[in-house]
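K.L.:
Kindly generate the complete structure, drawing on both the sequences and the hints.
Protein sequences appear in the order of chains C and P.
Its first residue numbered 1138, the first sequence is counted upward by one per residue in the numbering used here.
Its first residue numbered 30, the second sequence is counted upward by one per residue in the numbering used here.
Read the hints as simulated data drawn from the structure, not as lab findings.
Keep in mind that the hints are not guaranteed to be accurate.
What the hints assert, rightly or not - Estimated spans, in silico, between C-beta atoms of each pair:
1. P/Arg133 <-> C/Ala1387: 42 to 50 Å
2. C/Thr1211 <-> P/Gln112: 41 to 49 Å
3. C/Pro1322 <-> P/Ser341: 51 to 59 Å
4. C/Leu1321 <-> P/Trp348: 55 to 63 Å
5. C/Thr1211 <-> P/Arg133: 35 to 43 Å
The beta carbon of each residue, even a glycine, is placed where N, CA and C say it ideally should be.
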Amino acid sequence: MSSQRLLGWALRGYVVVFFAYLFLPLVVMAAATFNDSRFPTVTPWDGTTLKWFGELAADGAMWQALTNSAIVATGVLLLAVPIGIATALFLNTVSSRAKPFLYALILSPLLTPGVIIGISTLIFWRQWGVGGGIFLTVVGQATFIAAYVMLMVTARLQRFDRTMERAALDLGASQWQMFRRILLPYLRPAILSAAVIAFLQSFENYNTTLFVVGYDTTLTVYIASKVRTGLTPAVNALGLILILVTVLLAAAYELKRRREAARVAGV
Amino acid sequence: MDGSVRLEEVVMRFGDFTAIDKMSLEIGSGEFFSFLGPSGCGKTTLLNMIGGFLTPSEGRVSIGGEPMAGVSVNRRPTAMIFQNLALFPLMTVFENIEFGLEVRGVDRRTRRATAERLLALVALEGVGQRRVTELSGGQKQRVAIARALAVEPRVLLLDEPLSALDLKLRQHMRSELKAIQRKTGITFIYITHDQGEALTMSDRVAVMSAGRLQQVADPMTLYRQPATGFVAAFVGENNRIEARVIDRLGERVRLDAGALGELEGRVGDEASLGGGAEVALYVRPEQLRPVAAGTSGDASMGGSTLVAEVESVSFEGAWLMVQARLAGSGEALRVQLGSEVSRSFADALVPGEAITLGYDPAETVVLPRDGSPRVDEATGEVVEAADV
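P.N.:
Right, dumping it as structure tokens:
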């Protein structure tokens, strides 16, 4: 009885330590935003201020980088999602013998260090006179993000009941009509999740981006460069805003999901 | 609208395995035709070839006189009801039924009118707006039928569609399906391993085993005059007694059944069975009637009697099923006794008791022994014809 209780307390303690490990750095970072100090720190506390938000708002280069990141992430989404879907559909049809090989080939960009992908993308496109910039960043990131999309779509595709396809064709649908009306709606949740993941993966990418971004600095590259030129709590303010936006989006998604689950269960 | 189906020497091979072995068959327009056979006999393969999901290795399939070679699934005048129904789960009932019309470019109004009419046909009005996932098993079944009928097929292919339903619903859907078939006049090709379904609904039944046709006949002929040992054992229950032909007079044969003595039986259209032939006599459990011991049976019954020892008796309500062993050979014998036996007679049927049984040879069938079926020893089910 008492040993069981001990175990219970130990588990609770573990959970506390675990979450502290995860979130304490973020809490400290967030707190530093309000410190009236030139450096992002909480010790010593030089007084509470909101001025770093103002400074952030006035940082034109940061806004440009944020815009670039959004453009790149949208571009990656538009490129990687269709490629990932097509690859998943293709892999689903090939014979069993070729499948593992093709699978490994398509997943290899995920296992390749991002730096290598960045450098090789740059070297390859240089041959054709294309230098670093937004276009190359999109292309470089999409090579491995498409593999994520493929994985997510494949996971759902494997649970697709192929008799649906047969039934649709039997009722007179063409392959395209079957895809549009049956398969695509079925894959929709996986595609939406994959699109979100693709966007976020692109947004947070640094190592590949660094090599292909040219002069069109993205947000991660901009923040990294600030480390060298002198970091102010304005970066913390940016971090705090990003965290809040993420939490809000996640909460909204969860709410919507629960409401839908309740609707399905209710009828 | 000609919904006849013609198979000419159709062969289907998968690698070294021959699933369908040179099958020729004609199914009339508007017929309710069933393929009956154990799993793995090739009946699903056959249905897939008619529907266009498989291309035969050899031979021809034609529907309504038109050859179907090169005609893809979505252009055939057939519609299939799948075993798992394959309703589209993300769509409403209306959307499911209208799907075939939608892909043909039929306008929304006409589509909806057709769907309403078909829902009425399958007795399912008012559920059009519901999602198919909200329906019960029987309702889903009806939606699947309506969806297939919406495309106005000349031939409806049904792949064991009732197997997922519980017993009561299954029996109800049998008569429902038969009624729908009569109302629409569409050719129904139904495949099943359930002989009850095949016998109750069909105009004709083809019994299949190991990729070959064993017999094609109307249900009553199939039951009363099985053409092969496989059919005799697979359709309904049968007692099988091995014997040798002594002599023959027309349809009547006298048989030497070894320790069981001399028995009589009826030969079907098997002309080759002369004196000395190795045969099997098939007597159905309900054809066996108790006779007074020591007599040579009722004169009207032709004089054949069997003596058996009762092993167990189970009361089934309308009848008694007696499990017995033949005195002499020790082989199992099943006897079904109806309301003609008295209560006192039934009460006397205790294990260990001897019972003497007679039968009318005209109701039996005598078949060559080599065509006898292989029986799965674990389940007691007929697996395939022994000659393949």
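K.L.:
Look at each hint and say if it fits the structure.
P.N.:
Evaluation of the provided hints:
no., hint, result
1, P/Arg133 <-> C/Ala1387: 42 to 50 Å, "holds, 44 Å"
2, C/Thr1211 <-> P/Gln112: 41 to 49 Å, "holds, 45 Å"
3, C/Pro1322 <-> P/Ser341: 51 to 59 Å, "holds, 57 Å"
4, C/Leu1321 <-> P/Trp348: 55 to 63 Å, "holds, 57 Å"
5, C/Thr1211 <-> P/Arg133: 35 to 43 Å, "holds, 38 Å"
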